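J.: Each chain is listed here by its residues.
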Amino acid sequence: SQELEQSPQSLIVQEGKNLTINCTSSKTLYGLYWYKQKYGEGLIFLMMLQKGGEEKSHEKITAKLDEKKQQSSLHITASQPSHAGIYLCGADMKTPGGYQKVTFGTGTKLQVIP
Amino acid sequence: SQTIHQWPATLVQPVGSPLSLECTVEGTSNPNLYWYRQAAGRGLQLLFYSVGIGQISSEVPQNLSASRPQDRQFILSSKKLLLSDSGFYLCAWGRDKRWPLHFGNGTRLTVT
Numbered sequence: 002s003q004e005l006e007q008s009p010q011s012l013i014v015q016e017g018k019n020l021t022i023n024c025t026s027s028k029t030l031y032g033l034y035w036y037k038q039k040y041g042e043g044l045i046f047l048m049m050l051q052k053g054g055e056e057k058s059h060e061k062i063t064a065k066l067d068e069k070k071q072q073s074s075l076h077i078t079a080s081q082p083s084h085a086g087i088y089l090c091g092a093d094m095k096t097p098g099g100y101q102k103v104t105f106g107t108g109t110k111l112q113v114i115p
Numbered sequence: 868s869q870t871i872h873q874w875p876a877t878l879v880q881p882v883g884s885p886l887s888l889e890c891t892v893e894g895t896s897n898p899n900l901y902w903y904r905q906a907a908g909r910g911l912q913l914l915f916y917s918v919g920i921g922q923i924s925s926e927v928p929q930n931l932s933a934s935r936p937q938d939r940q941f942i943l944s945s946k947k948l949l950l951s952d953s954g955f956y957l958c959a960w961g962r963d964k965r966w967p968l969h970f971g972n973g974t975r976l977t978v979t
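Protein chains in written order, with our numbering: chain F, 2 to 115; chain D, 868 to 979.
Incorrect hints may have been included.
[Unchecked claim] Straight-line distance between alpha carbons at most 25 Å, and here's what the computed DSS-like set of lysine-lysine pairs gives: (1) K95/F x K28/F; (2) K69/F x K946/D; (3) K28/F x K57/F; (4) K37/F x K964/D; (5) K37/F x K18/F; (6) K65/F x K28/F; (7) K28/F x K964/D; (8) K947/D x K65/F; (9) K964/D x K95/F; (10) K65/F x K110/F; (11) K61/F x K110/F; (12) K52/F x K964/D; (13) K39/F x K52/F; (14) K28/F x K39/F; (15) K28/F x K61/F; (16) K95/F x K65/F; (17) K28/F x K18/F; (18) K964/D x K57/F; (19) K95/F x K37/F; (20) K39/F x K110/F; (21) K57/F x K39/F.
[Unchecked claim] Okay, the calculated bits of chain F under chain D, using three or more residues with CB under 8 Å as the criterion: (22) 32–44; (23) 82–96; (24) 100–114.
By construction, these hints were calculated from the structure, which means they are not laboratory data. Nothing here was measured: the structure is a model prediction, and the numbers come from that model. Cβ atoms here follow ideal geometry from the backbone N, Cα and C, with glycine treated the same way.
Next up, chain F with everything else stripped away, as it sits in the complex (with noise of 0.2 Å):
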């Protein structure tokens, strides 16, 4: 089965500090979603990458898919604490009926020091 691992863990950062969160898989990314997740709450959804090289940017935070579409980074820019959360990376799996399942990676809980 497809594994998704993320780092770091956990991250703390000063408010207006820029920083990166990595999606790493064992296999070919066929289609990768970020969501950002709020503690007790259910899970926002911010982008998805399907090609590699492909970058989105939404607001202050920017994802991308590397070549070989086996990593992911999400980079926020500029810090605030309205970014403080936890941030998820899910991928498509390949199912026998070839219906959608989505595998997501342990989560990279950030906070925002003001």
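Keeping the supplied structure of chain F fixed, place chain D upon it in accordance with the hints.
T.: Same frame as chain F, but now just chain D:
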């Protein structure tokens, strides 16, 4: 627009009691539906998924079961809860591969 509702938000149940968590989706038809569990310090574990009414696939052997009595309704059940069933349960809906899943707000279940 599509919305997903999940309830209750929190639940405290004694060991051996039954469980029923409900999830409904609005604004779309024939969605794929999912139940995930998130344990403390661990990632999301897929428990069940469904591609249609009455069609349930189980990912891990466990004390739980799922049902889909209507197109946009997904229910997670147990006849007798175990302590190990405690966790944060999330319902999600999706369409096809390379389409993001959208999650409910989750249910925090504590089995005492």
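J.: With reference to the structure, classify each hint as holding or not holding.
T.: Taking the hints in turn, this is what the structure says about them:
1. K95/F x K28/F: holds, 11 Å
2. K69/F x K946/D: Violated: K69/F and K946/D sit about 46 Å apart, past 25 Å.
3. K28/F x K57/F: It holds: about 22 Å lies between the C-alpha atoms, which stays within 25 Å.
4. K37/F x K964/D: Distance ~20 Å between K37/F and K964/D Cα, so the pair holds.
5. K37/F x K18/F: Roughly 19 Å separates the two Cα atoms, so the pair holds.
6. K65/F x K28/F: holds, 17 Å
7. K28/F x K964/D: holds, 16 Å
8. K947/D x K65/F: Violated, at roughly 45 Å.
9. K964/D x K95/F: holds, 9 Å
10. K65/F x K110/F: holds, 19 Å
11. K61/F x K110/F: holds, 18 Å
12. K52/F x K964/D: holds, 14 Å
13. K39/F x K52/F: Given pair K39/F, K52/F is violated - Cα atoms ~28 Å apart, limit 25 Å.
14. K28/F x K39/F: violated, 28 Å
15. K28/F x K61/F: Distance ~29 Å between K28/F and K61/F Cα, so the pair is violated.
16. K95/F x K65/F: holds, 22 Å
17. K28/F x K18/F: Judged against 25 Å, a Cα distance of about 32 Å means the pair is violated.
18. K964/D x K57/F: holds, 19 Å
19. K95/F x K37/F: holds, 24 Å
20. K39/F x K110/F: OK: K39/F and K110/F at ~10 Å, within 25 Å.
21. K57/F x K39/F: Given that 25 Å is the threshold and the Cα spacing comes to 22 Å, the pair holds.
22. 32–44: holds (count 7)
23. 82–96: holds (count 3)
24. 100–114: holds (count 9)
The structure fails to meet hints 2, 8, 13, 14, 15, 17 from the earlier list, while all remaining hints are met.
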